[in-house]
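Make a model of the complete structure from these sequences and hints.
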Amino acid sequence: MKRKKTLIIAITHMALVALSVMFILPLLWMLSTSLKPIEETMRNPPVWIPSVIKWGNFPDAIRYGERELGYIPFLVYARNTFLLAILTVTGSVLSNALVGYSFARLKWPGRDFFFAVTLATMMIPFPVIMVPVFALFKQLGWVGTFRPLWVPAFFGSAFFIFLLRQFFRTIPMELSEAAKLDGCSEFRIFSDIIVPLAKPALATVALFTFMGTWNDFMGPLIYLVDQNTFTLALGLQAYQSQHGGTQWNLLMAASIVVIAPVIVVFFFAQKTFIQGIATSGGK
Amino acid sequence: MKSPRTHFRKVESINGYLFALPYIFGFLALTAYPVLYSFYLSFTNYSVLKSPQWVGIENYRELFTDDVFHTAIKNTFIYMLTAVPLGTVMAILLALLLNTKVRGMAFYRTLFFIPSLVPLIATAMLWMWVFNGEYGLLNDGLRRIGVTAPNWMGDPAWAKWTLVIMAVWGTGNAMVIYLAGLQDIPQNLYEAADLDGASPWKKTKAVTLPMLSPVIMFNGIMGMIGGLQQFALPYVMFPGGAPARSTLFVSMYLFDNAFNNQRMGFASAIGWVMFIITLILTLTALKVSDKFVVYDRS
Amino acid sequence: MKIPSSTWSLLSVAVIAYAAVALERAADRQDQTDRITITYWEKWTGSEANEMRKIVDWYNQSQSKVRVKFLSTANVDNKTRLAASGGSPPDIAGLWEHNVSSFADANALVDLTPFATADGIKQSQYIDNYWQMFSYGGKLCALPTTPSSTSMHYNRKFMPATMQSPETAPKTLEELDALVDKISLKKKDGSIQLAGFLPGEPGWWSWGWGYLFGGKLYDEKTQKLTMNCPENIAALTWVKSYTDRFGQRETQSFQSSFGNFSSPQAAFFSNKVASVIQGVWLANYIHDFAREMDWYAAPIPHPASRPDLAGTNFLGCDVMIIPKGSKHPKEAWDFIKFVQRQDVMETICAAHGKNSPLTQVSDQFFQKHMNKEIRLFDRLAREKNAVRVAKIGMFPQIQTEFNNAVQVVNLGEKTPKEALNEAQARMEPLVEKYLRYMGLKQ
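Residue numbers (the working numbering), protein chains in the order written: chain A, 1 to 283; chain B, 1001 to 1298; chain C, 2001 to 2442.
Not one of these hints is a red herring.
Residues of chain A clear of chain C, computed beta-carbon distances all greater than 12 Å:
1) Lys-107
2) Asp-112
3) Ile-263
When the alpha-carbon atoms are kept at most 30 Å apart in a straight line, the in silico DSBU-like pairs for lysine-lysine are as follows:
4) Lys-199(A) / Lys-1205(B)
5) Lys-2391(C) / Lys-1050(B)
6) Lys-2069(C) / Lys-138(A)
7) Lys-1050(B) / Lys-2216(C)
8) Lys-1205(B) / Lys-4(A)
9) Lys-5(A) / Lys-1202(B)
10) Lys-2327(C) / Lys-1050(B)
11) Lys-2139(C) / Lys-2441(C)
12) Lys-1203(B) / Lys-4(A)
13) Lys-1050(B) / Lys-2221(C)
14) Lys-1203(B) / Lys-5(A)
15) Lys-2337(C) / Lys-1050(B)
16) Lys-1074(B) / Lys-2240(C)
17) Lys-5(A) / Lys-1101(B)
18) Lys-1160(B) / Lys-2240(C)
19) Lys-138(A) / Lys-2324(C)
20) Lys-1101(B) / Lys-199(A)
21) Lys-1010(B) / Lys-180(A)
22) Lys-199(A) / Lys-1291(B)
23) Lys-1291(B) / Lys-107(A)
24) Lys-138(A) / Lys-2330(C)
25) Lys-180(A) / Lys-107(A)
26) Lys-2171(C) / Lys-2157(C)
27) Lys-138(A) / Lys-1050(B)
28) Lys-107(A) / Lys-1287(B)
29) Lys-2414(C) / Lys-1074(B)
Simulated from the structure, these hints should not be mistaken for lab results. Each residue gets a CB set at the ideal place from its N, CA and C atoms; glycine is no exception.
If you want it as structure tokens, here you go:
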């Protein structure tokens, strides 16, 4: 029995290492490019180890454009993105938890129909609704502000509603019924019983919303006009020139700086998932 | 006099509406209105700058006979039918591996997830290096082990597969959902299986996969929808669906028509055809999955 | 109602409120100035943007009424279109010449004629080929920032002794073909080492191959699409002859080994092709990435049977328009007018490494220009055979379709005739539809 277990662990390890190599190679290339002098970024055949390690690419990437603009655009973009993410994550977790709960655990006339419609909305190609939505925000006078990028988060999104509904449905109904018999209000059942049980799912929603905001390219591209309102994903474009004079090393260095906080967030979000085993496993 | 049962039901209905209120509002303003407007647009000529002009079903008629649209549909389906199953298998495999109690888990989990964090422009550029026919990292490797490798990005027969490979690489999103799903499976089920002396494979088959089935269904459908809407990467990597429209996907054709050709009406018609195809596929998937998806309704 | 931790909740609310307020402030930064502020969206994002920014600074310092706010905007045409449809366009949009007719067809730009008449800006001041890009349907729709013309560029070290100067460079396409056969080199395994010329490098003017043979894609006078005219078929047959000459697979691998255009690994800079069709700006890039290269430029060759086609080359021009809905068209015009001043125009054209769109060019411009062949490019810009985009808003779509036909032919999937007949059949009804929708045809 014990030997069998060791064998399984060994196989798991081997599989993980093999897959890791596949997954990590392009990332190593990214790292290697970010440390190269510009001449080596385009060399054929590819150079894996830079002739000189240029740590200076990182400060250069961050300060890119400072001279022309008089401020460090990267830091301004980072602040904008960070503030936006706070708002969208909050809005998204709040609204989707409420709505998902309603769809999963409350009965109301028209619910199933409305849920089917909600599912259907996920299949609508984004470019189709882009122009009407733009016109709407324009009428509200919101073009050029951040509002089109965060206010919608407070009104739920079909994807997360679906996700949370699936999770909420796996929680036994007896829990709610027992609480109801004890005289708990619906909101109390939601906030005190269901939400704690759904922590892993809510963490997933939070993480995805954060990533979505962090990497969103299209929204800022359409709605933000002034350079000092740009977000990081949009700002990265500055390294890529229209006719190909791209500063690959700086682009990669900046990309690494952009994804680093998300990696950190994910690293910590994992712990919530692990805690989730204890909560929902009820050992 | 009302029975307490009716009363409860009424309270529940009111609560139901109240809880769903944010989305009901958001749905009306940010989805229903734009969608209806685009439905109207699909029956018009509309250049964004000039006001719409009613043309009846002309746009749909054109789509019916448009070879390029048919190519785009074919490409999209080939992509979806390969990338989604392969991505799903990879994501479940990773999630199962990552759900064990091997040391260094936090590291592995983060590693497999990083690809879905890399910004789009950087991702596209990275993979263009990997797939370069002459000096690409992939062909460099293949040549070393004596395999004659294709010219991935220049050959119409291969270009699509680069996107499939990238989709499998970037499957971290789905992996996280599976992982969350796996961790929601009650431990006592495994303990019971252990008492029965079940092998790991048997436990996976008898406990894990059935318990994971709602998540698989969710991810499968989301993957399918995402696959049908594949846009940003091919748009950046293969402008115009080059070579010879072998990587032209429906969303790209839609975007090209809407914003490069200023045929917003025609683009809306493409969107609606896509929407209806997706709807039919999803409803079918939901019907079929009813047979094997297990919900805890006890 | 019990709140799990009231301090925690309060703190979260405070952070959220702070985020919302901070974002409102960031988006609402008012400029502390008495001047009228107008916005200018520029297409370039790299060093070209910085050169244009200097012109804007110059203008802002030259007067005290108007302040131009310069924004370097990627995908400027789509973004301007969306913003105009939403009613909040910039006051000036720096677009490409092929955008002009599409904005004009939709009546989405301000007619500059009255301004130009009042301020004495006349057609005769501009090289006519460029003026044709600005004027459309009897209106003046745009004015230039920097234009371009194109020529062959040869790397002297690969040229035979008889072709060491621009005067002796191939005059006809037949001579070019013979040169390519003579100087191209293959490796032992059949792969290409040096191509004398390769139509696909850089391939930016693939849509224009037909023009070299006297064809065209669209006839403005008859409003007819002419994608499958005999000249275009001849052109694609010629292009395909290069793929056949080097081998399809070999050409493909060879091309994928080329580095980025603006890098030392670009095909022309890294000794992979001996000659290339490129724009006036190339000298700029040679200076940056292949300073040692000994090169010269000469007009693009013409078919031997068509000496009347000598001087054919592709023109481009960056332009400024005032979108409809601009809040300060008068001030926007004032800036556009400033850029048209000969000294300002020559400054920006020189900085971008381009020729000038004006008929009057100072000697100093020629002497100080970083491109030693600048006089050739100035001459090419004035050629009667020079090619510009056709005046129809959907021309870019026609170009894309032609480019696709080139790909299909090069891959050997279809013959030039089949591919172009198909392209013609596909685009013809679309052109009709477009013209009717825009009210350009009954």
